[in-house]
Amino acid sequence: MSDAAAMPAKPFQGLRTWWTMLRICLEERLVYRGDFALGTLMRFLPIVTQVFLWTAVFAATSRSDIAGYSRNDIVAYYLLTMLTRAFSSMPGLATGIARSVRDGSVKKFLIQPVDYVGFLLAARVAHKLVYYAVAAIPFALVFFLCRGYFPPPPDAVTIAAFLLSLVLSFLLGFFMEAALGMLGFWFMEVSSIVFGYMLVQYLLSGHMFPIDLLRTVPTGVAGVSLADVVHWLPFEYTAYFSSAVWLGKVQGRDLVAALAIEAGWVVVMAVACRIAWWRGTRRYSAFGG
Amino acid sequence: MTRYLAIFLTFARACLVRDMTFRANFILECVTSLGWMSMNLAFYLLVFTYTPEIGKGTGWSKEPFFAFVATGLIINSVVQAFFMPSAEELTEMVRTGGLDAVLVQPLDAQFLLSLHRVDFSSLANGCVGLGLLAWAVARMDHTPPPVAWLVYPLVVLCGIAILYGMVIMLAAATIHMGRNQSLYDFWFYLTNFSRYPAEIYAGPWGGPLRMLCTFVIPILLVVNVPARVIAQPFTGAAWGGVVAAVIAAIASLVVSRFVFLRALARYRSASS
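Residue numbers (the working numbering), protein chains in the order written: chain H, 25 to 313; chain E, 288 to 559.
Check before you lean on any hint, since a few could be wrong.
As the list claims (entries may be wrong) - Pulled from the structure, derived: some chain H residues nowhere near chain E, Cβ distances all over 10 angstroms:
(1) 76
(2) 85
(3) 139
(4) 172
(5) 183
(6) 207
(7) 216
(8) 309
(9) 310
Said to hold, decoys possible - Heads up, incomplete: computed chain H residues facing chain E, CB under 7 angstroms, no partners named:
(10) 69
(11) 71
(12) 92
(13) 110
(14) 219
(15) 232
What the hints assert, rightly or not - Where chain E lies over chain H, by a calculated footprint (3+ residues, C-beta under 8 angstroms):
(16) 144-156
(17) 220-226
These aren't lab readings, by the way, just hints derived from the structure by calculation.
Backbone N, C-alpha and C define an ideal beta-carbon position, used for all residues, glycine too.
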């Protein structure tokens, strides 16, 4: 039933649905725009403590760099991860999917000509567009005030790779969280799984510190550091990777290989999400009117 | 006073019974709370593989710094366990008119609103904090003198009192505004400044920030003063911090009480 439902009835119907969702999200967000912009600005406050912490760390050590990062690089890194997270973070997506399964509201997508995953993706794109429109001012303000920490802008190819990595990080973040939310078909409550995922994500995505710091952490296998292992996992592509690209920490062949790994994870997670939806809807029993 | 203590113990017992009714959830909350804490400790361990101390000549080398972190865990776990759960419920009570039922009780409203719910799972971090403190102190270059051990609980209580005052003032803001989600976020971001030794706030921006967070919003006294008492050599200068913490704690309690009563006087019921 859901396969047939995925096909739009008219050529422009899908576009119209997207436009309607975008408008709704715009109106919803802009009602509390002041509070929203202030909230975005406040999210930079923890970075203030990180700036002072790393300044103190560099003052106490004789090193000019730590894992290849100068003090300015570290500050720029944290600011860039804020930007990357603005693309890859999907607040409420997994828990929202699980809730719709639990309370039965997901059943409308089984009978309406709207693909659920496509609908969620469209809603998230709209949500992000509105977020960028409102958050652009606080982001621009903070980046302008901290411009001294950034190295000169990279070349056009690096900028293109950076932008591509941001788009891929959005898709990766979306499909990872959506796949997690689909577990709601098998478990009544996924909040503890989501919290566990967030823990791992926070640590291994590079949100907490640059993954390069893990190069000194051994894994027990000769010549393989924890950073090498993390490199093959999807998490670092949701925060660390884009920031490292802009700062020139990943270049040449490594950059191409990393982009390929990131794209590969997007495909894997998209397929996992789709399989979970198919299998989940087959075992699903809807309740309620 | 005895009556209030008995009522508080009744609240605590009811919350404990509720937590034990959903034991798996309680254990899960403890585990996740410990998970976040472990990640932070791992981060600090990683930082200390690159530097001998936090800030040159500050004395915050690895073991003293972990005593600092442990002190923060103890103080924050008490605040998270005893005050925050009740304060978080206040927003809904103001919006729905549930606050009316509290105000007609023959009890002090501030007591009832700030202590009626206890989250025992938050105490898990405090227990680990005590263990971490013992580990760090045993490995420090100097042994804290007996006077430091006597003063330490007092200044820990002062830190808790300062944070309690802030929670109450935010609760008062809820009554004014009806909804203050951003302000609670602000509380989280503000307390973030207390997570590190005050010495890191140096330079043209750090100096004024340190002054602001010491004398205007005394957030830097919360963990820094008790941690310094136990983790740094106990000299005459330490007494200055102790006196400042005591004054800040008293001021925080008095000002927050005043602000809370003023806010209650302006409360308009939301119920029908």
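Are there hints from earlier that the structure breaks, and if so, what are their numbers? Result: hints 1, 2, 7, 11, 12, 13 and 16 break, sorted rising.
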